[in-house]
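S.K.: Protein chains in written order, with the numbering used here: chain A, 4 to 99; chain B, -11 to 101; chain C, 9 to 151.
I should point out that these hints are in silico values taken from the structure, not numbers from a laboratory. Backbone N, C-alpha and C fix where the C-beta goes; we use that ideal spot for every residue, glycine too. Take the hints with a grain of salt, since some may be wrong.
Claimed, not checked - So the derived label-pair ranges between C-beta atoms look like this:
1) C/E141 <-> A/F30: 25 to 35 Å
2) C/V39 <-> B/E(-4): 55 to 65 Å
3) B/H6 <-> C/Y107: 41 to 51 Å
4) C/T34 <-> B/N35: 43 to 53 Å
What the hints assert, rightly or not - Taking lysine-lysine and the DSS-like style, the derived pairs with C-alpha atoms no more than 30 Å apart in a straight line are:
5) B/K22 <-> C/K53
6) A/K54 <-> B/K45
7) C/K151 <-> A/K5
8) A/K46 <-> B/K7
9) A/K40 <-> C/K151
10) B/K45 <-> C/K89
11) C/K80 <-> B/K86
12) A/K54 <-> B/K24
13) B/K47 <-> A/K5
14) A/K54 <-> B/K37
15) B/K(-3) <-> C/K145
16) A/K72 <-> C/K53
17) C/K75 <-> B/K24
18) A/K54 <-> B/K86
19) A/K86 <-> C/K75
20) B/K45 <-> A/K46
21) A/K86 <-> B/K47
22) B/K7 <-> C/K80
23) A/K72 <-> C/K151
24) A/K86 <-> B/K7
25) C/K53 <-> B/K(-3)
26) C/K53 <-> B/K86
27) C/K80 <-> B/K47
28) A/K54 <-> C/K53
29) B/K47 <-> C/K145
30) C/K151 <-> B/K45
31) C/K75 <-> A/K54
32) C/K75 <-> B/K47
33) B/K24 <-> A/K5
34) C/K53 <-> B/K7
35) C/K145 <-> A/K72
36) A/K5 <-> B/K(-3)
37) B/K45 <-> A/K72
38) C/K80 <-> B/K22
39) A/K46 <-> C/K151
40) B/K7 <-> A/K40
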Amino acid sequence: MKIESINIGPLTGNAPLGSAKKPSASFGDILKDSIQKVTDLEKDANLQTEKLTRMENQDIHNTMISIEKADLSYHLMMQVRNKIISAYEEVMRMQV
Amino acid sequence: MEVLGLLEKALNIRAHYHKILAGNVANVETPHYKEKDIDFVRSLDLNMKRIEDIEVKEKAEQDGLNTTDGNTVNMENQVVKMTENSLYFASLTKIMTKKFATMRYIITEGKGG
Amino acid sequence: MGILNILRVGASALNAQRLRMETIATNIANVQSTKTDDGGPYVKKETTFVPTDLSDSKVFSSMLSEKVEGVKVGEIRNSDKPFEKVYDPGHPDADGEGYVTYPNVNLLSEMADMMVATRAYEANVNVVNTTKEMYLKALDIGK
């Protein structure tokens, strides 16, 4: 499933002045990495589901756990995304 | 997401398999009735127009001490197969439900139904 | 052993016990059969149980990749127990000295075997049912 990319442009922006050489990851990289992890969990859940469907694997408990993990990570991602958006909106509302 | 398509096909096959097993159980005393079975994993990969076109194998020999009426249905095996089939059916349904619930959650942006 | 392989093990045991019951039933039905097609009285049938690897079983169509140990009836053989001779010269199957050889089936021991087979059958039905419940509980993960 393709996940729509969150619009994170204004928040990543350019690196703050003077920190161009800092090795720390930018906020955008952290987000991308997290989204990748969510996708990986989903892929793992799909793989286990397929194995169960083909009767190659009888571990229903492991399959259910991996599906639940993927589901929870989606939930968490959505909540984080909502918070980011509302934080962004609040910032945009600030009187300059 | 092709896993949903696979789940749907598997559910269809399992539902049909249930009918076949029920037919076997109903005919446990019918003379010359041969026990029917399907190869589930093979059927998953075949493309059939209707689910009824799954190839059904018939068992020719009897288990146990032979009776003379030609019936080859093994009751215990049928019941256990039915149990297994229904367990798979329940798990595939549950998985599908969870997947749809996740999708719905994402579509509604996590703000409620 | 995956959880569903337990069902196969249960099925193999149910089959074996049912076969045992069939031989017991045949024995009890023939407790007075003094003449068979092979000549001589009916000989009691005995069964032996043997643990088997179910991976070779053609019964269940999925793949069993690991060793799954069930049970099957090893052989159904004739019993060596002694026959009972009863003096009854008027009987159509009496031999030269007037003795009739009755089958070596002891009704009481067949009844006892039948109870054991029944209990074993019930226990295995329990195995199947409990396995099913455990599995369904696992489906509640994340409910």
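S.K.: Each hint: holds or not?
M.R.: Comparing the hints with the structure gives:
no.: 1; hint: C/E141 <-> A/F30: 25 to 35 Å; in the structure: 49 Å, violated
no.: 2; hint: C/V39 <-> B/E(-4): 55 to 65 Å; in the structure: 58 Å, holds
no.: 3; hint: B/H6 <-> C/Y107: 41 to 51 Å; in the structure: 59 Å, violated
no.: 4; hint: C/T34 <-> B/N35: 43 to 53 Å; in the structure: 49 Å, holds
no.: 5; hint: B/K22 <-> C/K53; in the structure: 27 Å, holds
no.: 6; hint: A/K54 <-> B/K45; in the structure: 24 Å, holds
no.: 7; hint: C/K151 <-> A/K5; in the structure: 26 Å, holds
no.: 8; hint: A/K46 <-> B/K7; in the structure: 33 Å, violated
no.: 9; hint: A/K40 <-> C/K151; in the structure: 23 Å, holds
no.: 10; hint: B/K45 <-> C/K89; in the structure: 43 Å, violated
no.: 11; hint: C/K80 <-> B/K86; in the structure: 41 Å, violated
no.: 12; hint: A/K54 <-> B/K24; in the structure: 25 Å, holds
no.: 13; hint: B/K47 <-> A/K5; in the structure: 46 Å, violated
no.: 14; hint: A/K54 <-> B/K37; in the structure: 24 Å, holds
no.: 15; hint: B/K(-3) <-> C/K145; in the structure: 25 Å, holds
no.: 16; hint: A/K72 <-> C/K53; in the structure: 57 Å, violated
no.: 17; hint: C/K75 <-> B/K24; in the structure: 26 Å, holds
no.: 18; hint: A/K54 <-> B/K86; in the structure: 17 Å, holds
no.: 19; hint: A/K86 <-> C/K75; in the structure: 52 Å, violated
no.: 20; hint: B/K45 <-> A/K46; in the structure: 35 Å, violated
no.: 21; hint: A/K86 <-> B/K47; in the structure: 62 Å, violated
no.: 22; hint: B/K7 <-> C/K80; in the structure: 28 Å, holds
no.: 23; hint: A/K72 <-> C/K151; in the structure: 13 Å, holds
no.: 24; hint: A/K86 <-> B/K7; in the structure: 51 Å, violated
no.: 25; hint: C/K53 <-> B/K(-3); in the structure: 48 Å, violated
no.: 26; hint: C/K53 <-> B/K86; in the structure: 55 Å, violated
no.: 27; hint: C/K80 <-> B/K47; in the structure: 19 Å, holds
no.: 28; hint: A/K54 <-> C/K53; in the structure: 45 Å, violated
no.: 29; hint: B/K47 <-> C/K145; in the structure: 34 Å, violated
no.: 30; hint: C/K151 <-> B/K45; in the structure: 38 Å, violated
no.: 31; hint: C/K75 <-> A/K54; in the structure: 19 Å, holds
no.: 32; hint: C/K75 <-> B/K47; in the structure: 25 Å, holds
no.: 33; hint: B/K24 <-> A/K5; in the structure: 43 Å, violated
no.: 34; hint: C/K53 <-> B/K7; in the structure: 38 Å, violated
no.: 35; hint: C/K145 <-> A/K72; in the structure: 18 Å, holds
no.: 36; hint: A/K5 <-> B/K(-3); in the structure: 23 Å, holds
no.: 37; hint: B/K45 <-> A/K72; in the structure: 40 Å, violated
no.: 38; hint: C/K80 <-> B/K22; in the structure: 22 Å, holds
no.: 39; hint: A/K46 <-> C/K151; in the structure: 21 Å, holds
no.: 40; hint: B/K7 <-> A/K40; in the structure: 42 Å, violated
Of the hints listed earlier, those the structure fails to meet are numbers 1, 3, 8, 10, 11, 13, 16, 19, 20, 21, 24, 25, 26, 28, 29, 30, 33, 34, 37, 40, in rising order.
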